[in-house]
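K.L.:
Sequence:
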Amino acid sequence: MSKLRSVGTERDLHAFGANVARMRKIQGVTAELLAERAGVTRATLRAIERGKGTARLDNVMAVLRILGQSEAVVEATDPLNTDLGRLLTDERLPKRVRVRRTPQEARLAPQEAR
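Quick note on my numbering: the sequence shown kicks off at -6 and runs consecutively.
Hints listed in this document are in silico derivations from the structure and should not be mistaken for laboratory results. Bear in mind the structure is a predicted one, so any value in this text is a computation, not a measurement. Backbone N, C-alpha and C define an ideal beta-carbon position, used for all residues, glycine too.
Keeping only pairs whose Cα atoms sit at most 20 Å apart, straight-line, the calculated DMTMM-like set for lysine to aspartate or glutamate is:
id	residue 1	residue 2
1	Lys45	Glu3
2	Lys45	Asp5
3	Lys45	Glu25
4	Lys18	Glu29
Using C-beta positions, here's what the derived DEER-type ranges look like:
id	residue 1	residue 2	range
5	Asp71	Arg43	23 to 29 Å
6	Val67	Glu29	21 to 27 Å
7	Glu25	Arg91	53 to 59 Å
8	Ala99	Arg43	56 to 62 Å
9	Arg43	Leu77	31 to 37 Å
10	Leu77	Thr2	19 to 25 Å
11	Leu86	Ile19	38 to 44 Å
12	Pro87	Val66	28 to 34 Å
13	Thr82	Glu25	41 to 47 Å
14	Asn12	Ala36	15 to 21 Å
Whenever a hint applies, use it, and build me the whole structure from the sequences.
P.N.:
Set out below in structure tokens:
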């Protein structure tokens, strides 16, 4: 089954795969050893490094963890690491959170000091 992907997505997948392969080579790790340590097949690693977009996310993260890059990827996707994410969070987060009780729960709850 063929998936339709945008040109940008294809470009990003190939760049990501090339970066993974480059990091592996810089660290002097063979593809066979990386696949073994990450608990993936050699075919899965090949698909990641070629930017096929068919590998499961848990397998991609396992490979990145062995290469010491998983934390960087997680940090890069944290919305609080962007100016826009921080701005929108500050605007949209309530000042306090209240638990909404049903009328029955309110009757059963101990009286709170006011």
